[in-house]
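Number of protein chains: 2
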Amino acid sequence: MNSTIDLINKRVSLRKYSEREVAPEVLDVILNSAMRAPTAGNTMMYSMIVIRDEEKKKRLSQTCDNQPFIAKAPVVIVFVADSHKMNKYFKVSGVGEYCEKNNKNLNTPDLAQLFLAAGDAFIAAQNAVVAAESLGLGTCYIGDIVENYDTHRKLLNLPNWATPVAMLCLGYYPEDYPRTPKTRFDKKYVVFEEEYKELTEEEIFEMYNENDRNVPIPNVYNAENFGQLLYGRKFGSDFMKEMNNGLIKAVESWMKKQDKF
Amino acid sequence: MNSTIDLINKRVSLRKYSEREVAPEVLDVILNSAMRAPTAGNTMMYSMIVIRDEEKKKRLSQTCDNQPFIAKAPVVIVFVADSHKMNKYFKVSGVGEYCEKNNKNLNTPDLAQLFLAAGDAFIAAQNAVVAAESLGLGTCYIGDIVENYDTHRKLLNLPNWATPVAMLCLGYYPEDYPRTPKTRFDKKYVVFEEEYKELTEEEIFEMYNENDRNVPIPNVYNAENFGQLLYGRKFGSDFMKEMNNGLIKAVESWMKKQDKF
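Protein chains in written order, with the numbering used here: chain Z, 32 to 292; chain P, 32 to 292.
Heads up, incomplete: computed chain P residues facing chain Z, CB under 7 Å, no partners named:
#1 36
#2 44
#3 72
#4 135
#5 271
Pairs of lysine-lysine, DSSO-like flavour, derived with a Cα cap of 30 Å:
#6 P/272 with P/185
#7 P/280 with Z/288
#8 Z/287 with P/288
#9 Z/218 with P/89
#10 P/218 with Z/87
#11 P/288 with P/272
#12 Z/218 with P/103
#13 P/272 with Z/122
#14 Z/219 with P/87
#15 P/280 with P/89
Now the stretches of chain Z that chain P is said to cover, found in silico as 3 or more residues with beta-carbon under 8 Å:
#16 72-83
#17 185-192
FYI, nobody ran anything at the bench for these hints, they're computed from the structure.
Just so you know, even glycine gets a beta-carbon here, dropped at the ideal spot from N, CA and C.
Excised from the complex, chain Z in its bound form (with noise of 0.2 Å):
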């Protein structure tokens, strides 16, 4: 079709790099790629931090969910999902007298800036993954980096308002490395035409009858089809709750209701 289209396709999550590093100018065409993504009324409402640390690597590795692989990216973005600055910027520039003057309300952040906000930072993640996918870098997405709330917000020095949202780790694909994309649900069960579509259960079972083929029965999780594993694994695990209690915390402070920014 294209090239494109091509690295799409050939797109996996890479968990495994190479020792090749990084170059700051290899990164900068990523990053610059990123900022090039849409943005809500070009607002950019998000922030990146690029993290090379070794230390900081390590402690995020453990801090979310305990993958030893994230250390040994060479880099790792965290996107914050940020309206920090845009209400800063309201703030200096008087809106708040402008409110009093106009009659109108004064609206700090709530969950359109964060709704825009997060929006605004997976898009921007996304065209980061396929520029560096166009470079021969690949990545994987971590969303644990919601969980642990505090302990986060404290490493990474996060401001009110500035909520990390994604966090890619990067390097290059190995030599030789095998890329098998992962398969996914056929395209019926996933593309709607006009409307949603109700499936019926027996769809519902077809759609993720592939999975289920591959359920070793028994396993840790005594579960007895890949539904059951899939909750047990994953859906109804502490670390989905860990990452609920994270969202939480940060909707919360987010509707939380200010007097001025």
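The hints should help you fit chain P onto chain Z, whose structure is shown.
Using the frame of chain Z, we list chain P on its own:
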């Protein structure tokens, strides 16, 4: 650099489309590219609703903050954060009985699932954007799809735990379309090393300086600078409140604990 980086750099939000039709095969490549995007634990917690129906596009152009160009896009794709399918799978897989038998809590959807699903949806959307660009098509994100919560649920036939988070308008660039990518903030305000950097008030002013130079005085918002204009036009506006209302309803529906799937 390479063709992928090049198209990322040249991309603009396209609000005017060529009359050239988007062939089903072309749309398929874009949708497949979206489906190749990274997804949390390969769970693909999203759905894509493809809309070509003229009446429905017209309706969306009204419900999404009255933007007539939406109706003129050949294709509109709504990206839905969706854990409805997965939780139905949990139900048919007997996860309720599994929890009882193994003395585990039954966790129905929560903020963690909404977060992962929304992240999956945004990341897939951006893959669609990049794939479209590589094929000569332009896109525009419409965040307003989170407004008018109840109207959009009805219009798109959305079940519980299926929330639209992004909408893309899609079509070919008109011939000789002048592409003028918007200026982004300087990298030093967006990319930080090792930890978040609190910008001083002077830096914040400098960051927005270029925007501030283009504010016509007087203006309909009574704004005296760009900060006040941005607030008056957008972040203090009615549509932002409506966006916030929609998101509050969405978050409440995902956080509402159920005693079964």
